[in-house]
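Asks: Hey, can you work out the whole structure from these sequences and the hints?
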Amino acid sequence: MSPDIILVDTTLRDGSHAVAHQFTLDVVKSVVRSLERSRVRYIEVGHGDGLGGSSIQYGFSKEREELYLQEARAALDKTQLAVLLLPGIGTYDELMRARELGVTMLRVATHATEADISEQYIRLAKDHGMQVVGFLMMAHMLEPGKLAEQALLMADYGADVVYVTDSAGALLPEGVKRRVGALRTRLSIPVGFHAHNNLGLSIGNSVAAVDAGATYIDGTLGGLGAGAGNAPIEVLAAVLDKMGLETGVDLYSIMDAAEWVASAGLARPVTIGRSNLTIGYAGVYSSFLLHAERAASRFGVDIRDILVELGRMRVVGGQEDMIVDVAYNLSKGRESEV
Amino acid sequence: MAKTPVVILGSGNIGTDLWCKIRRHAKLTTALMVGIDTASEGLRRASEAGCPTTAQGIDYFAERCPDLADILLDATSAAAHRYHAQVARELDKRIIDLTPAAMGPFVVPSINLTAHIDAPDINMVTCGGQATVPIVAAVSRVAKVQYAEIVSTIASRSAGPGTRQNIDEFTRATAHALESIGGAGRGKAIIILNPADPPLIMRNTIYLDVGEAAENEITAAVRQAVSAVQQYVPGYRLRVPPLLYDGRVTVMIEVTGAGDFLPTYAGNLDIMTCAAVRVAEELAAHPWQGALT
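Same order as they appear, the protein sequences are chains W and F. Letter by letter, the first sequence follows residues 755 to 1092 of the working numbering. Letter by letter, the second sequence follows residues 718 to 1010 of the working numbering.
Just so you know, these hints were derived from the structure itself, not from any lab. Ideal Cβ positions, reconstructed from N, Cα and C, are used throughout, including at glycine. Don't take every hint at face value.
Pulled from the structure, derived: some chain W residues nowhere near chain F, Cβ distances all over 12 Å [as the list claims (entries may be wrong)]:
| # | residue |
| --- | --- |
| 1 | 906 |
| 2 | 1005 |
| 3 | 1019 |
| 4 | 1027 |
Here chain F is said to cover these stretches of chain W; the calculated rule only asks that three of the stretch's residues, wherever they fall, bring their Cβ under 8 Å from a Cβ of chain F [claimed, not checked]:
| # | stretch |
| --- | --- |
| 5 | 808-820 |
| 6 | 837-844 |
| 7 | 865-875 |
| 8 | 925-932 |
| 9 | 1062-1073 |
Per label pair, the in silico range of CB-to-CB distance [what the hints assert, rightly or not]:
| # | chain 1 | residue 1 | chain 2 | residue 2 | range |
| --- | --- | --- | --- | --- | --- |
| 10 | W | 791 | F | 963 | 39 to 45 Å |
| 11 | W | 856 | F | 766 | 53 to 59 Å |
| 12 | W | 1010 | F | 980 | 55 to 61 Å |
| 13 | W | 1059 | F | 765 | 45 to 51 Å |
| 14 | F | 799 | W | 999 | 48 to 54 Å |
| 15 | W | 926 | F | 951 | 44 to 50 Å |
Replies: Next comes the structure, spelled out in structure tokens:
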């Protein structure tokens, strides 16, 4: 029976932010096996910022990208392997290498207003027989009608699914419904939703997305992810089941998998706390959390002042270098100009 | 002395900004601006100012008026450049390539202005490369740069379709230039488009892993490189002093444009066009011997 909702697990990609990209290969193997056992259909693996993300700007991964993908592929059977690519960070060569290693799904992520830079990558991946998902990040920054226009571009390039991606965990349920609804109205392909929990709304927003017609929903084991984390996939499985929707995921197995991640001590507990709450409130990219904490301590300023200033400047995903710039200028009592 | 004529290929953001700069240049003049779209704002603007234009592409120049100029400036796209380079070769013209096609040798004026003066196809790397490689090369002279990573953030509105369709070429060409002329052991480039309104000024962050290094020497080298670039890009400046921390140098550069075609936030246009004009001046001063001699 084909599921009503497809749950995509990104513990080993978005969750990588929570451990500063320090997953060991053993963890990758254990997580992948437990997700396979839980009958999750797609799992995303790699650096938090996707292919080519291992860098000074975003932090270096513990292991090389290829090793993570090889380890994951070896532990998989029916579950499909996905990677994320942000145009401007990852390259063709890295994508083709990932494909050779057994990756079958590409998720191309751009800032909500910049869908046209995904064209090269969507076409390349489609030409090579991959399934392609378009990811419109920081979706809270764009009104629903315009977001749908950007989604339409990705669909025209050949994307099979387009996501409303709440990278800042800043959307409220009504905002999710309007955005997913706008995409559903304009697109003939499935629509997805990717939540962050900075305002404590990851499950509520995912439910709102499903109500508005989203059929692909992202989650991670125990909610491990950037900022206050993602929607906990085991909770999604239970909630969707109670809504009478089939996900194909085995509930007890995925609960066990989440329990293992929680007990393995991979990251400090992913909680909301004042920093993540500020991220959601100010509408800042969730991945900034650990970078902003380091800058706050290095330059002796309040992390919330850094985050609010970044929000005011409308800094987008990937601009981690602005954190140091803002922190430095705050420490000197100067304003950073846009 | 008569001005040296050049042909501008491309009538988008970069081509039109080039035209603006050459228009007030003492030694260069635009003999023809070549586009492919009759509705192009750039062609209209140049034409209204009395500059000859065509919307029929490089073939118009090759077939109708190849004697107009011996120097071509290509501000189209990496894919279009492959054809333009071939036509230029057949006509025995020199071409300065502002696309990230990277077919010819890289030139960054403050580093190697005259090194490839006889090359038929000179590549200007990318805006990010022009903004960051001078810093890498400067630090390489006083320390061993094991790894150079740069992040260029530009305003969405300053990135035309050519730039948007060439993101992959951009990252690869820039990374390559960090190594080949910046002197880094390994290079990596990241580009980010930011749609904020009002648009942000082009900014570049350069991270260099140098291990052991003398902070005062690095600071002096960086400051010297900044003034060298300022000679041809007036809006180029340090945002914060070089930060040395744990064997890693961080340099932040902001590039404000001259406000020619796009407003001053589009320093990414200016740094490319200023650098290309600087190279064109040099080519004009060195008469072409032809590729076959």
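Asks: Check each numbered hint against the structure and report the violated ones by number, ascending.
Replies: 8
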